Amino acid sequence: MYKFLLCWRYLRTRYIALASIISVTLGVATMIVVNSVMAGFSREMQTRIHGILSDVVLESQSMTGFFDPDRHMAMVRDIAGDDIEGMTPTVHVPAMLAFNYTGQRIVRPITLIGIEPATYGNVGDYSQYLQHPENQKNFSFSLRDGGYRTRDPNAKDAPERPQMEDAGWKMRRRRAELDRRWREEDARQAAELAAATAKLESPDGIVASPTEESVADPFKSAGATVEPEAAEFDPAKSTWPGIVLGIGLVNYQRGDGEEHFLCLPGDDVTITVPSASSMDTEIKGTYDFFTVVDLYESKMSEYDSSFCFVPLKNLQELLQMVDKPTGIGYASAIQIKLKPGVNPDVVRDKLRAAFPEFYSVQTWRDKQGPLLAAVQMETAILNVLLFLIIAVAGFGILAIFYMIVVEKTRDIGILKSLGAPGRGIMGIFLTYGLSLGTVGSGAGMVLGLLFALNINEIAGLLAWVTGQEVFDPSIYYFYEIPVDISPFTVSWIVLGAVAIAVMASVLPARRAARLHPVEALRYE
Amino acid sequence: MSNTPSLPTTDSSQRRSPRAPHRVAPSPAPQLPRSGETQLSARQVKKSYRKGQVTIPVLRGVDLEVRRGEFLAIIGQSGSGKSTLLHLLGTLDAPDAGEIHFGGRRIDNLPARDRDALRNRQFGMIFQFYHLLPELTMLENVLAPQMIASGVFQYLRQRKAHVEAATQLLSLVGLEHRLKHKPRELSGGEMQRAAIARALVTGPEVLLADEPTGNLDHQTGREILHLLRTLNRAQHLTICMVTHDLSIAQEADRIVRLAEGQVVEA
Chain A
1 MYKFLLCWRY
11 LRTRYIALAS
21 IISVTLGVAT
31 MIVVNSVMAG
41 FSREMQTRIH
51 GILSDVVLES
61 QSMTGFFDPD
71 RHMAMVRDIA
81 GDDIEGMTPT
91 VHVPAMLAFN
101 YTGQRIVRPI
111 TLIGIEPATY
121 GNVGDYSQYL
131 QHPENQKNFS
141 FSLRDGGYRT
151 RDPNAKDAPE
161 RPQMEDAGWK
171 MRRRRAELDR
181 RWREEDARQA
191 AELAAATAKL
201 ESPDGIVASP
211 TEESVADPFK
221 SAGATVEPEA
231 AEFDPAKSTW
241 PGIVLGIGLV
251 NYQRGDGEEH
261 FLCLPGDDVT
271 ITVPSASSMD
281 TEIKGTYDFF
291 TVVDLYESKM
301 SEYDSSFCFV
311 PLKNLQELLQ
321 MVDKPTGIGY
331 ASAIQIKLKP
341 GVNPDVVRDK
351 LRAAFPEFYS
361 VQTWRDKQGP
371 LLAAVQMETA
381 ILNVLLFLII
391 AVAGFGILAI
401 FYMIVVEKTR
411 DIGILKSLGA
421 PGRGIMGIFL
431 TYGLSLGTVG
441 SGAGMVLGLL
451 FALNINEIAG
461 LLAWVTGQEV
471 FDPSIYYFYE
481 IPVDISPFTV
491 SWIVLGAVAI
501 AVMASVLPAR
511 RAARLHPVEA
521 LRYE
Chain B
1 MSNTPSLPTT
11 DSSQRRSPRA
21 PHRVAPSPAP
31 QLPRSGETQL
41 SARQVKKSYR
51 KGQVTIPVLR
61 GVDLEVRRGE
71 FLAIIGQSGS
81 GKSTLLHLLG
91 TLDAPDAGEI
101 HFGGRRIDNL
111 PARDRDALRN
121 RQFGMIFQFY
131 HLLPELTMLE
141 NVLAPQMIAS
151 GVFQYLRQRK
161 AHVEAATQLL
171 SLVGLEHRLK
181 HKPRELSGGE
191 MQRAAIARAL
201 VTGPEVLLAD
211 EPTGNLDHQT
221 GREILHLLRT
231 LNRAQHLTIC
241 MVTHDLSIAQ
251 EADRIVRLAE
261 GQVVEA
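If you read the sequences in order, they're chains A and B.
The letter at position 381 of the first sequence is residue 381 when you use our numbering, and the numbering goes up by one with no holes.
The letter at position 59 of the second sequence is residue 59 when you use our numbering, and the numbering goes up by one with no holes.
Fair warning: there could be bad hints in the mix.
Residues of chain A placed beyond 10 Å of chain B at every Cβ, according to the derived structure [what the hints assert, rightly or not]:
1) R77
2) T102
3) S140
4) R188
5) S238
6) D349
7) F358
8) R365
9) S417
On the chain B side, residues computed to face chain A include the following (Cβ under 8 Å) [to be verified]:
10) H87
11) R119
12) L186
Source of the hints: derived by calculation from the structure; they are not laboratory data.
It should be emphasised that the depicted structure is a prediction, and the values quoted were computed from it without experimental measurement.
Don't be surprised by glycine CBs; every beta carbon is placed ideally from N, CA and C.
All chains, full assembly: derive it from the sequences and hints.
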């Protein structure tokens, strides 16, 4: 009883010891905040990556891919059919994206992915990242009339996208009308120029009047500048095959708080792919036109600034990945979605054993292994560093406890003269260390949790006070600082800090217990 | 209440035996003290201290007998080893050679746990500088030996009885109005009274007093001495007091002089 009573009195009268545990409090709070943010970051990133990548991917190592994806899927189903929820073939190929923006040709390197619109949505969260609500529900490669989202509804402070308001058919028709007028104007000017030239060149100086034909079809004279396909193609009425562009390829921030786009749904783009069907060593390029039907925004800038999706069939044709007599195509990968609770590693190992080396089988974690490992490594190193802070706090406690034991030497002598055993004296200081550790860690836990739960408000406040954005969403993948508080992590941080405080009090407590009562009583 | 000591500073209505209150737990009926029987003794006790390479002998073979119920004073000059002898008698220190006996049993070689129990239950100790715990109130200081003696739950179960007993002891020494005061709020005489109350709370058989009046003015010292004398007479409490002051020692039944580390009967 005297242990608790004295411990309590020491707690209430020795404020220097309370000061010593402020470092424990801060250490615990920092660790909780850092772990929560890192866990939130990791979780968000994993969710995103997992949403983009399917659980398991069976890929061909060759650029030409493998023949007959349906037969491959049947084989996969034979091997691990019970674990599989959905499958879809895809073709991945590096490509070049080109489009016009205010008269300039813009070219971007991309990863072109051929997908089956009907099944691709089943193996991941692909459709959730599209900008048209209808496409999110039921994706198709056809251009929508309008109604594209003008801001990201998931992010609080997402910038407005006013250009998206008239994206779709509305803008396409307007642009086509504008183009038509331009062409007419061009044709008229060309005709005038031709007439003037003819007049100058004719020896008699008589102006040849334009023929009836050229008036009826002003394009004919300008036909040389128009590509043959485009001549028969009316952009106001029809589109090329659809393409979904990664949003990072076409968006930019102008600093006015709004997000602007170089290319919108409704615009046409050119895709150039390396032709890999021949066995030649030389890789040639072939191109085709596509119409942008939606933008893909997964918030993973790595993907958003390189992925473009087109219908599988069109890509197969473009790459000549179709066996002409049978009409059966090639694919470069099969995306496999597993049933909930199935371990992807097990399925991967089964498929690896069944398919020859020519195929690569990877889980989504394998594919993003280095990134996830980097985040994990970062968390681990931060934890080690922060735990060192608490360890430093532990040494502070040790020093202060030593001082308190020295200060209390005579009290220890008195207690011993009253018959208190050594372990009882030790108990006073261990209880003291435990109490300080508990108070420090408890306060740190409360502080850390409050901080973590309100981190975005705090970041906002700091930004307001300092005028400097603390968390710039354009740098990170997220609009808000993600937080994931794990009770397990919080418990081990708190218990670890309490343990350090107790361990730091062991040495002073032992010293107190071993004091000679007579010497202690004589201590001045 | 026939044993009630007459104390100069205490209201007679609250006086009662200081040995009675501590008997909270059932214990065998106390044996009536038989005066003259040796209760505590030192046999050829030697003790020296080392200071670096030099060994300073303090006690060079002390033989001493403290009889049951007597008030013994040990006098000697500073450095004669009086306090060392008292500490050895109270098992706060162990002799280099010789034996300490209590109630016919050798106690200097007992395990630490038994010596702790002995100090807690059988011996009461008071010191020149009172040695009260500054963080605790007077009542808590007096309760401290009981807290040490029992576990948390045992203490809490009997807390009411313990508090009552401690309060009575504090009234006995005239400090009933100082229960909630901290030592720093008390005078030297009051602190020594509280220390006496603390020494008596577990009902010890022997009170070891190390210069109990050494830090007090003459009048207060006399009052403390009177209190000890009363306890000795009324309770048959064996008291072994160390002092350098012959006039104080003369209050005792018997005086033993310590010179050059040996006992010289006065």
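Right, here's what the structure says about each hint:
no., hint, verdict
1, R77, "68 Å, holds"
2, T102, "82 Å, holds"
3, S140, "74 Å, holds"
4, R188, "104 Å, holds"
5, S238, "88 Å, holds"
6, D349, "58 Å, holds"
7, F358, "74 Å, holds"
8, R365, "53 Å, holds"
9, S417, "5 Å, violated"
10, H87, "5 Å, holds"
11, R119, "4 Å, holds"
12, L186, "16 Å, violated"
Figure legend: structure checked against the earlier numbered hints; hints not met, in rising order: 9, 12.
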